[in-house]
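Asker: Kindly generate the complete structure, drawing on both the sequences and the hints.
2 protein chains.
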Amino acid sequence: MDKTHKCDKSDKCAEKRDLIIQAALELVAEQGFHGAPMAMIAEKAGVGAGTIYRYFENKDDLIRWIYKNVEERFVEVMMQGYPEHGPVRERLVHIGTALVRHLINEPLQLRFVEQFHNSPYGVDHRREKIFGQQKKDIISELFHEAVAQQIFKPLELAILFSLFFGPLVDICRDHILGFIKLDDALIEQVVGACWDALRR
Amino acid sequence: MDKTHKCDKSDKCAEKRDLIIQAALELVAEQGFHGAPMAMIAEKAGVGAGTIYRYFENKDDLIRWIYKNVEERFVEVMMQGYPEHGPVRERLVHIGTALVRHLINEPLQLRFVEQFHNSPYGVDHRREKIFGQQKKDIISELFHEAVAQQIFKPLELAILFSLFFGPLVDICRDHILGFIKLDDALIEQVVGACWDALRR
DNA sequence: TCCTACGGAATGACCGTTCATTCCCTTATA
DNA sequence: TATAAGGGAATGAACGGTCATTCCGTAGGA
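Going down the list, the sequences are from chains A and B. First residue of the first sequence: 1, per full-length UniProt numbering; consecutive thereafter. First residue of the second sequence: 1, per full-length UniProt numbering; consecutive thereafter.
If you're looking for bench data, these hints aren't it; they were derived computationally from the structure. All of these numbers come straight from a predicted model, not from anything done at the bench. Incorrect hints may have been included.
[Claimed, not checked] Chain A residues, not near chain B, derived (Cβ > 12 Å throughout):
| # | residue |
| --- | --- |
| 1 | Ala42 |
| 2 | Gly46 |
| 3 | Val47 |
| 4 | Gln115 |
| 5 | Asn118 |
| 6 | Ile139 |
| 7 | Leu160 |
| 8 | Ser162 |
| 9 | Leu168 |
| 10 | Val169 |
| 11 | Arg173 |
| 12 | Asp184 |
| 13 | Cys194 |
[Unchecked claim] If you want the footprint, here are the derived chain A segments under chain B, 3+ residues with CB under 8 Å:
| # | segment |
| --- | --- |
| 14 | 71-79 |
| 15 | 83-95 |
| 16 | 145-157 |
Glycine residues also receive a C-beta, built at the ideal position from the N, C-alpha and C atoms.
Answerer: See below:
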């Protein structure tokens, strides 16, 4: 929930807000929640400690706001250029490739989301995602359709998601941490391998 | 590193030590590191707060000790009844199935390890694992052999591990949290799917 | 009596949050 | 234009609480 604030439009206030967000994103991504106390976020953003509370109710509010925005950007990226009427494999490869490309270009966003998922809210968030999955997002639809057409193995959505997205996120982390070196050819191979896991 | 202690052998002291370990394991697994302060661990173990420091140098020492032991148990379980001279697929299915069965029987151990991996030490530990991978554990050997025989896709070990173990651990967590319900048939299907991801 | 294990209050560091104060920009007035 | 007043934005020292760790008095066995 945003805190009501006099100047929402693109003026100095918005700039300051963005500075806080960026500082928090970086610190949490690089040091974890432990390594991102409010005082440090404020210092990195170049504002006073109290100023943060003019823009966000409390730390939870700040963290959740960042998470929501980062997640939305993930979906946007996967939907950009999505071949809506192409065959299932093409659509899936598009999603996987777009996701991996984005994650390795925005390592802070990946690390932040991972930190978030492994925290008290993380479980609640996943529960909501899985059980509240009545809303028809395009990716869930694609998976459902592929199961119905007997292209995918007849498994629950949660399992199919783990088979496909789990390894992709893992290798992005390994790339960011310098354990492996991803390039376009390798990304294609790994996405292909994840496809193989899903295929009937 | 254990702290030197007069009575190491199976007497009352060892019992008390185990109580501390069990309490810490449960609290960290269920509440995360934040929710497992030393005072709470002591209370749950039924000992004084200071007593913990007679058995472990500090909290880090305690946590690392538990992690090391839990991880060793994972390997033990995967190696129990390992069909060393069977075909690659049989050996891999054995490992995957044994791991999943163990993890869903010991949810605390899985949750603890996940908490550990997402913490400051987590990255260091993984770095050590990947770059210090000169030691020939049986599982790495199996993967190397399968690549050499062109049974697996020609990918780095870290990637193959992510493709195989990543989804397996994910679905165990989902099972523990009640999001899905694993049974023997389903485990077999999922392990089979992970095999498909690796297969050339 | 000596020595070791133990408990739990005490300690000091640190964290999120608050709030009295200051700063600065806008507006009103002459 | 010059000046004063008003008010929202920003600040950072201070507060209350929590944490890991230490310290010291006590109990019990040799």
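Asker: The structure should be examined with respect to each hint, and the outcome stated for every one.
Answerer: Each hint tested on the structure:
Residue placement check: Ala42 (chain A) keeps its beta carbon more than 12 Å from all beta carbons of chain B (closest about 21 Å). Every CB of chain B is more than 12 Å from the CB of Gly46 (chain A) (nearest about 26 Å), matching its label as outside the interface. A cut-off of 12 Å between C-beta atoms confirms that Val47 (chain A) is not in contact with chain B; the least separation is 26 Å. The claim that Gln115 (chain A) lies off the interface is violated: its Cβ sits roughly 7 Å from the closest Cβ of chain B, which falls inside the 12 Å cut-off.
Not every CB of chain B lies more than 12 Å from the CB of Asn118 (chain A), the least distance being 4 Å, so the non-interface label is violated. Residue-level check passed: Ile139 (chain A) sits 17 Å from the nearest beta carbon of chain B, beyond 12 Å. Listed as outside the interface, Leu160 (chain A) is inconsistent with that label: its C-beta sits roughly 9 Å from the nearest C-beta of chain B, within the 12 Å cut-off. Residue placement check: Ser162 (chain A) does not keep its beta carbon more than 12 Å from all beta carbons of chain B (closest about 4 Å).
Not every beta carbon of chain B lies more than 12 Å from that of Leu168 (chain A), the smallest distance being close to 9 Å; the non-interface claim is violated. Annotated as non-interface, Val169 (chain A) brings its C-beta within 12 Å of a C-beta of chain B; the closest such distance is 8 Å. Chain B draws Arg173 (chain A) into its interface by the beta-carbon criterion, the shortest separation being 9 Å against a cut-off of 12 Å. The claim that Asp184 (chain A) is not at the interface with chain B holds, since no C-beta of that chain comes within 12 Å of its own (minimum 15 Å).
A cut-off of 12 Å between C-beta atoms contradicts the statement that Cys194 (chain A) is not in contact with chain B; the least separation is 6 Å. With a cut-off of 8 Å between beta carbons, the segment 71-79 of chain A has 0 residues touching chain B; three or more are needed, and the interface restraint is violated. Note: the segment 83-95 of chain A has 0 residues with beta-carbon separation from chain B under 8 Å; the three-residue rule is not met and the coverage is violated. By the rule of at least three residues with a Cβ nearer than 8 Å to a Cβ of chain B, the coverage given for the segment 145-157 of chain A holds, with 3 such residues.
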